[in-house]
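A.B. asks: Starting from the structure of chain A, add chain B where the hints point.
Here is how the chains run, residue by residue.
Number of protein chains: 2
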Amino acid sequence: MSFLVDGLQYSNWSEAIFRQLRAGGVDAVHVTITYHETFRETVANIERWNRWFELFPELVFQGFTAEDIALARRTGRTAIFFGAQNPSCIEDDIGLVEVLHRLGLRFLQLTYNNQSLLAAGCYEAEDGGLTRMGREVVAEMNRVGMVVDMSHSGERSTLEAIAHSTRPVAVTHANPSDWHPALRNKSDRVIRALAESGGMLGFSLYPHHLKGGSACTLQDYAAMIARTAERYGIAMLGIGSDLCQDQPDSVVAWMRAGRWTKRVDYGEGSAEAPGFPAMPRWFRDARDFGALRDGLAAVGFAGGEIDAILGGNWERFFHTSFGVAVPEQKRAAQ
Amino acid sequence: MSFLVDGLQYSNWSEAIFRQLRAGGVDAVHVTITYHETFRETVANIERWNRWFELFPELVFQGFTAEDIALARRTGRTAIFFGAQNPSCIEDDIGLVEVLHRLGLRFLQLTYNNQSLLAAGCYEAEDGGLTRMGREVVAEMNRVGMVVDMSHSGERSTLEAIAHSTRPVAVTHANPSDWHPALRNKSDRVIRALAESGGMLGFSLYPHHLKGGSACTLQDYAAMIARTAERYGIAMLGIGSDLCQDQPDSVVAWMRAGRWTKRVDYGEGSAEAPGFPAMPRWFRDARDFGALRDGLAAVGFAGGEIDAILGGNWERFFHTSFGVAVPEQKRAAQ
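These protein sequence lines are chains A and B, in that order. Numbering-wise, this note's numbering puts 255 at position 229 of the first sequence, and it's gapless, one number per residue. Numbering-wise, this note's numbering puts 172 at position 146 of the second sequence, and it's gapless, one number per residue.
In short, the hints are calculated from the structure, not lab data. Accuracy of the hints is not assured; some may be wrong.
For the chain A half of the interface with chain B, some residues (derived, Cβ under 10 Å), not all of them [unchecked claim]:
no., residue
1, 62
2, 66
3, 73
4, 74
Please read all numbers here as calculations on a predicted model, not as lab measurements. Quick reminder that beta carbons are idealized off the backbone N, C-alpha and C, glycines included.
So here's chain A without its partners, still in its complex pose (with noise of 0.2 Å):
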């Protein structure tokens, strides 16, 4: 059975989205729920995905497990994974990684391109690696089973986090950055340390992390997954889209600015291109998943390659990563 996983989306989300994934048959998706909100406004945006998960039960609910996954494709529905793109919603305070953990929180990024109480953001001039507080909060996901994500991290801090964390980190949705050389893309250090680790990296299709933005064409996209496949072993890759469907542009400034600033942060934009930009044409909803797999054909992969990267790979990482944590499971998984 070849499940498909993507491991980030942050859709402005409604019926239309949950059935485009339907029509698109993806099991399950890491979705963002929060970026700067507090812990009780985190909870809030909990609050509006049950409300959804109870409005459209025959299309998508909860995932908490990796047996989730098999769960939705069984009953024909999408696992929704919850996921924290900034450490905000844990304040300061440690006990609530068990907390969100236990209200289904699976994947946290120790940044969001700036410093946080954790480590350092890819836009910060200076990264000073883990915090003291980083690293108690790694070790405590570690213990609980949540997952540490550093698409938005610096590379110093990345590569403790991965030296640090006793179990595999994963980069949910970034590309290499010797293909398009984004900040927010990584280098060929962090990749290798994140294979050898037993990590994983999602490769993004937003079109600031792709080489020719939004005019990057499948061709080219399939090739850097190739290449990467080669250079690092496929057992380590994965999707992690990016989608952010319907999101007003006043969502990106939220995400870039949160309450940081008074200022107007472009981020990966620039004042010239503030907004979100568009998709590439072959990939602008979860319906294209068809046309990636065909890609991937198209430079060589065999099937059950492309089953690993589109879905089979993310499935084995969440089976080892959500649940209380196994002594030396991060040995085993080498």
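C.D. replies: Relative to chain A, chain B alone:
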């Protein structure tokens, strides 16, 4: 297999008290984790419990389903089920019912002595019954599997909650008022409505609920239980000891006055006796359940009847109360 289940405790928890639970063979306890606390403050209390579960895993663990009672017995531990004595923890936000249920909250009192957003407390001069929000919240509690607990509610509110709830309601800690006419004890009408709807009454051992207070004898207490069993049947009866061990008097002041008054409210106490009353000498902590068993035998209960009152009835009630609603569950329980 007969289980020992206590339907309410609010002690100043410590390893010493957890060891008393084990020495007393208590398989499960419904513990109060919050009174007037906001949602965020309640979560901080849950964090404190999570710490205890992490520190003393060989003594206690959090119970989520009725099956955890048997797990507790098999593993020689006590399952701790969370409850709230006032709805402050859901603030004005019905979505917090499902969130708190996910965090393990299995009982919620609609009121604590005073008027709440949901209903009237037993100390209000006027009881207007369930409020608009109260009716909505009871329906939501019914949906997710959270027990409506009317221990501290007024008569009309209690009767309306029993009538409006589609699942059986509990009075986790109170005694019949015709035995001891305290405002917190329950009328024949309330107890009969509970019995007819498959609800539960947990007999309290808190001195203010006892005839003679701290001087109440075991024989008197057991005879009161026997009379109640004769009148309403045994199936609805359990114990809700209301043990508040090792609490300073400042805690009873918080329970009574919260943040709703700047004056002292003596609640069930008085200016002459403002603090926690002394427990009856035959029931000081969880190690005294054996004495209770002997007392029930002495007034003529058979072994199987004592098993039902000391835990079997709560265990059955937990089974039908904590899961997602099944249509017509209330009828089936009758």
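A.B. asks: None of the hints should be skipped; say for each whether it holds.
C.D. replies: Hint by hint, here is what the structure shows:
At a threshold of 10 Å, the smallest CB-CB gap from residue 62/A to chain B is about 17 Å, leaving the interface hint violated. The beta carbon of residue 66/A is positioned within 10 Å of a beta carbon in chain B (closest approach about 6 Å), and the interface hint is therefore held. Taking 10 Å as the C-beta cut-off, the interface hint given for residue 73/A holds, the closest approach to chain B being about 3 Å. Annotation: interface hint on residue 74/A holds; nearest CB of chain B at approximately 8 Å, less than 10 Å.
The structure shown violates just one earlier hint, number 1.
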